[in-house]
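Start from the sequences, fold in the hints, and give me the full structure.
Each step along the sequence shown adds one to the number in our numbering, with nothing skipped, and position 30 is 35.
If you're looking for bench data, these hints aren't it; they were derived computationally from the structure.
Incorrect hints may have been included.
To be verified - Straight-line distance between alpha carbons at most 30 Å, and here's what the computed DSS-like set of lysine-lysine pairs gives:
#1 K64 <-> K76
#2 K32 <-> K76
#3 K32 <-> K43
#4 K121 <-> K39
#5 K32 <-> K121
#6 K32 <-> K64
#7 K64 <-> K121
Stated by the list, open to error - Using C-beta positions, here's what the derived DEER-type ranges look like:
#8 L44 <-> E12: 38 to 46 Å
#9 D15 <-> R57: 30 to 38 Å
#10 L44 <-> E11: 15 to 23 Å
#11 L85 <-> R38: 31 to 39 Å
#12 R46 <-> E98: 22 to 30 Å
#13 E112 <-> E81: 37 to 45 Å
#14 Y96 <-> P24: 36 to 44 Å
#15 P47 <-> R108: 25 to 33 Å
#16 V78 <-> A31: 19 to 27 Å
Don't be surprised by glycine CBs; every beta carbon is placed ideally from N, CA and C.
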Amino acid sequence: MPVLSEEMLDALEKLIYLPMVMTVLAKDRELFRKAGFKLPRPYLELLDQADRAVQQELKQVHQVIRSQGLKVVRGEGDELFTEYIFFHQGYEEHRRYLNVRLRNQVEEYLQLYLGKKGEANDKN
Numbered sequence: 006m007p008v009l010s011e012e013m014l015d016a017l018e019k020l021i022y023l024p025m026v027m028t029v030l031a032k033d034r035e036l037f038r039k040a041g042f043k044l045p046r047p048y049l050e051l052l053d054q055a056d057r058a059v060q061q062e063l064k065q066v067h068q069v070i071r072s073q074g075l076k077v078v079r080g081e082g083d084e085l086f087t088e089y090i091f092f093h094q095g096y097e098e099h100r101r102y103l104n105v106r107l108r109n110q111v112e113e114y115l116q117l118y119l120g121k122k123g124e125a126n127d128k129n
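Spelled out as structure tokens, the structure:
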């Protein structure tokens, strides 16, 4: 069975995480709209900017996925794990991810897209 390269695994995992990031941004956008801030526009613009960046990266990931003939499907899940099935070169690989890991990784991506990670790197 061919082993997934690091690049292919990264693309497949982004196909898992980035839609989750978009969902969180959409829910947060609604919370900001309903929260009654005096000046909500800067917050909403920040969320919209992050959402556009995620969409752009997801578009690039889809191009890589298509060019490599890869596919990811969500499998079974419970309160601790979620299974994803990666299809590549006629093979399928089952991977189980801790739900806590999924949440933490989505949080990392949110920090990246909202600028927190970039600011920390700029200061170094």
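Hint check:
1. Only pairs whose Cα atoms come within 30 Å are accepted, and K64 paired with K76 is accepted, the gap being roughly 14 Å.
2. At roughly 27 Å between alpha-carbon atoms, K32 and K76 fall within 30 Å of each other, so this suggested pair holds.
3. Our distance criterion of 30 Å between C-alpha atoms is met by K32 and K43, whose separation comes to about 19 Å.
4. For the hint pairing K121 with K39, the CA-to-CA distance comes to about 24 Å; that is within 30 Å, so the pair holds.
5. For the hint linking K32 to K121, the alpha-carbon distance of about 19 Å falls within 30 Å, and the restraint holds.
6. Note on K32 and K64: the hinted pairing holds, with a Cα-Cα distance of about 21 Å set against a maximum of 30 Å.
7. Restraint check for K64 and K121: satisfied, since their Cα atoms lie roughly 23 Å apart, inside the 30 Å limit.
8. The hinted window of 38 to 46 Å between L44 and E12 holds, with their beta carbons roughly 42 Å apart.
9. Taken as a hint, the range 30 to 38 Å is violated for the pair D15 and R57, whose Cβ atoms sit roughly 21 Å apart.
10. The hint said 15 to 23 Å for the Cβ distance between L44 and E11, and at roughly 44 Å that hint is violated.
11. Between L85 and R38 the Cβ separation comes to about 34 Å, which falls inside the hinted range of 31 to 39 Å.
12. For R46 paired with E98, a C-beta distance near 45 Å fails the hint of 22 to 30 Å.
13. Distance hint for E112 and E81: a CB-CB separation of about 24 Å, inconsistent with the stated range 37 to 45 Å.
14. Hint check: Y96 to P24, Cβ distance near 24 Å, so the stated range 36 to 44 Å is violated.
15. Look at P47 against R108: about 27 Å separates their beta carbons, and that is inside 25 to 33 Å.
16. Between V78 and A31 the beta carbon distance is about 23 Å. The supplied range of 19 to 27 Å therefore holds.
This entry does not satisfy hints 9, 10, 12, 13 and 14, going by the numbered hints stated previously.
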